[in-house]
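S.K.: Fit chain B to the given chain A structure using the hints.
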Amino acid sequence: MYNELRSRLDRGETVLLDGAMGSDLVRRGVRWRKHGLETDAETVEALHAEYLGAGADILRTNTFQLNPRLYLHVFRDLEHMRQIGAPGLEHLVPKLQKTAVALAKRARTKAGADGKVAIAGIISPLEHCYRPDLSPPYDAALREHQPMAEVFAAEKVDFLLAESMNTIHEAKAALAAGRAAKLPVWVSFVIGPEGELLSREPLADAVAKMEKGGAEAVLVSNAPPADITRAAGRMKGFAKGPFGAFAHIGRFSPPSWKFDFHPQFIETEAWPPAQYQAEARRWKESSARIVGGCCGTTPAHTRALREWLGRS
Amino acid sequence: MNYEPLREKLQKGGTVILDGAIGTEILRRNVTWADHQLTSKPEFVRGIHEDYIRAGADVISTNSFQLSRRALYNHFRDDAHRHHIGAKDLDERANLLLAASVRLAVEARERVGAKRPVAVAAAITTLEWCFRPDLVPASEQARREYRELFGIVKQNGADLVLFETVNSIGEANVAAEVARALGLPCWVSFVPASTGKLFTGETLGDAAEAMQQRGVDAVLVNCAPPDHISTAMKELVPRAKIATGAYAHIGRFNPPEWMFTDEYPPARYLKECAGWKQAGARVLGGCCGTTPDHIAALQALR
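Chains as they are written, first to last, in the working numbering: chain A, 1 to 312; chain B, 313 to 614.
Bear in mind the hints are in silico, worked out from the structure with no lab data behind them. Incorrect hints may have been included.
Claimed, not checked - 20 Å max Cα-Cα, derived EDC-like pairs, lysine to aspartate or glutamate: (1) A:Lys258 / B:Glu489; (2) A:Lys258 / B:Asp390; (3) B:Lys509 / B:Asp446; (4) A:Lys236 / A:Glu4; (5) A:Lys95 / A:Asp158; (6) A:Lys258 / B:Glu404; (7) B:Lys400 / A:Asp227; (8) A:Lys258 / B:Glu457.
Computed from a predicted model, the values in this text were never measured in an experiment.
Same shape as in the complex, but just chain B:
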């Protein structure tokens, strides 16, 4: 219901504005992000979603980066070790937090009551670390895990999955197939290397084709600096038969947090996005380091 207007808009060649960063925005507001703050400060997370809706986002994405059972289980040798020394709620915690992340975004939409349609995208990234294609799990194992994750977000009211910061076509294929089987609209966003290719060396053209074949509505690039995104768009757009999009990060990854820089204030970021729109992108937003002010500036692209 909330997604259909977006699909139509994209089919007609209209421009859709995504939200900006949520994880780094939590940090920028001087709160730690160790537990996503989904249960400890729900109103705070919801407030950021509300700010993005007020700034003009057509799509708000959930605060669920790398939030999965696997991420928590990876801290232990195995089940026996986790059950022996881990917090007692760990077997259920990730799924409960993921559900909460969707519900908070849905609530934010209800509270703002914007007149335009706003879709809630479940932001799901790779099962292992997003920058590490060497760790991608085997397909059948990944399929089981995506079924669980996407099932949860669908059940809790997500309008689509934004499968983002993806580093290999193989894992994207699995996720896209699972989304399609569940009847959940899916956008897939790849992380480009400075070469304009994926970290695996695969091309964005091949990625776009694979996504189109699996019923994905839009293919994007994200989580790279604006100049890398510009290079990637040149690779992606000419070969994509479905809608394309881009959202860059601003600043520097300073693990486990973010280094904010003033290199791309909203007006300058708008110029970059306008360039990507010129190149053919129809979905534009912001990745790490961007703020509601950046999304407000992107309204000029409509």
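Just chain A, with the same shape it has in the complex:
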């Protein structure tokens, strides 16, 4: 399946990523615990199905910011987690990853889209996606990303998307983990207020290093549409391979007590689907060949993009 996606990119076609999972699940009233994968599996599957119905070429697994640190870091240490934590927490992440892949696959099969739509396994920064200062060093990052990449490989996702990376070194680690698991890898970077990576490292440098490391595509994401438009415009100048763009809409409204990423975006009505589509046209004009939606976007946004791009 990935080869077909890759040849579409090589032919210069534009491929359509789905839109947000987490923020739309929260909007649908899913309590953000274990990504809804244990308590609200039907809702997760139904959202994948809606993105398929809207015309997405790629479904992303509902595993953003899901990694063992998410659970370990709210305890003093592993021993404390074993003492007062719910049983099984230390083995939870691979289980949730498997569930997440299964739900995306089931939605794809039910829609009759096997062989037509690719499933991207999502890995993301080990610490909060908006906190590059907390990113662990390369070796530690590689050690922790590796098992997650391997689970996705064993579950036969079509490729790996290292999403919302916020430093070059951790992106390199995620890329190396995916390559070692023999998966094609795409990498997306959070664009900071300055227009570079959130770490302030130059986007040009990040793209060059990802392409050198074997990334099949590099994308810009996790920033408002106008920022993504500017970033996509610059990507044209230095990306040698295919690149992509997807923006978040609305404003991030974190929960008032906890530290992990809780995908709540408010005031998303400021970017209705037609307006988002108009902005995405500018990404394509800048030669982006992968477009889609980041936090805050919905199946209606995906549908608007598909209406403009035409059937694939």
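M.R.: Coordinates of chain B only, in the frame set by chain A:
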């Protein structure tokens, strides 16, 4: 006015009953806790306070766990990033919610109109995550933040600060000093490791001494299972020259929520508390996983 009777009671060696959990009680009633529900469901939060007062709590603690500017700001790289992509009210949100949490507890007391004195304790925990002493901020920065937090709760009618789930003596010292400077009575509750020491390796005896020196009226332990609390009481009570107390959690932390278990129904939890009272504790209540029924059972300790 509402605190003085409690202080006298403690000085005379009387027993004071705290309330039970509020965050997990919100979850147990099948409501999400992502925003503390202070502005979205105020009557619901207030109703839980009312239930605890009716169950017999002498002290009700506000629904303000980890509610601070810092908790919200930690989700962003820096001010520039927060202002660029964050909700527009984030600079003010934490303080407004904290004020609301105190007012809801005060309102609950007015609505129930209990004949006994009921004090409103502003429940404030560490600036960074309560189980992570490695993240404790530098003292001068912490002092600025506690001045702001304690100032808000005082202004909105809190009778005392319950500085709880504390993981280091250093941060407790700063908070206790700030409370004293504001003239706000302060109780400090530490989270014990299974060893009976703090997560930092510091002893509860040293913690009690430091708190006494800073004018704290009671030193407690909380947010650990009953057997860890029992171990901790053995460390704490012999060395404390001020009132001591304990409130354990029941069940398991299942982040970001709570796993409720039936290991400690009210009658069994009462037995644990009676043991801590026997050991010398004078302030008893419940942490995560406890309910108004648990607090009702503790009335037998009076």
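S.K.: Run every hint past the structure and note whether it holds.
M.R.: Cross-check of the supplied hints:
Between Lys258 of chain A and Glu489 of chain B the CA atoms are separated by roughly 26 Å; this puts the pair beyond 20 Å, and the hint is violated. Distance hint between Lys258 of chain A and Asp390 of chain B is fulfilled; the C-alpha atoms sit about 17 Å from each other, no more than 20 Å. A C-alpha spacing of about 16 Å is found between Lys509 of chain B and Asp446 of chain B, which places the hinted pair at or below 20 Å, so the restraint holds. Pair hint Lys236 of chain A plus Glu4 of chain A does not hold up; C-alpha atoms about 24 Å apart against a cutoff of 20 Å.
The suggested pairing of Lys95 of chain A with Asp158 of chain A holds, with an alpha-carbon distance near 19 Å, which does not exceed 20 Å. Of the supplied pair hints, the one linking Lys258 of chain A and Glu404 of chain B holds, its CA atoms being roughly 17 Å apart against a limit of 20 Å. Note on Lys400 of chain B and Asp227 of chain A: the hinted pairing holds, with a Cα-Cα distance of about 18 Å set against a maximum of 20 Å. Note on Lys258 of chain A and Glu457 of chain B: the hinted pairing holds, with a Cα-Cα distance of about 18 Å set against a maximum of 20 Å.
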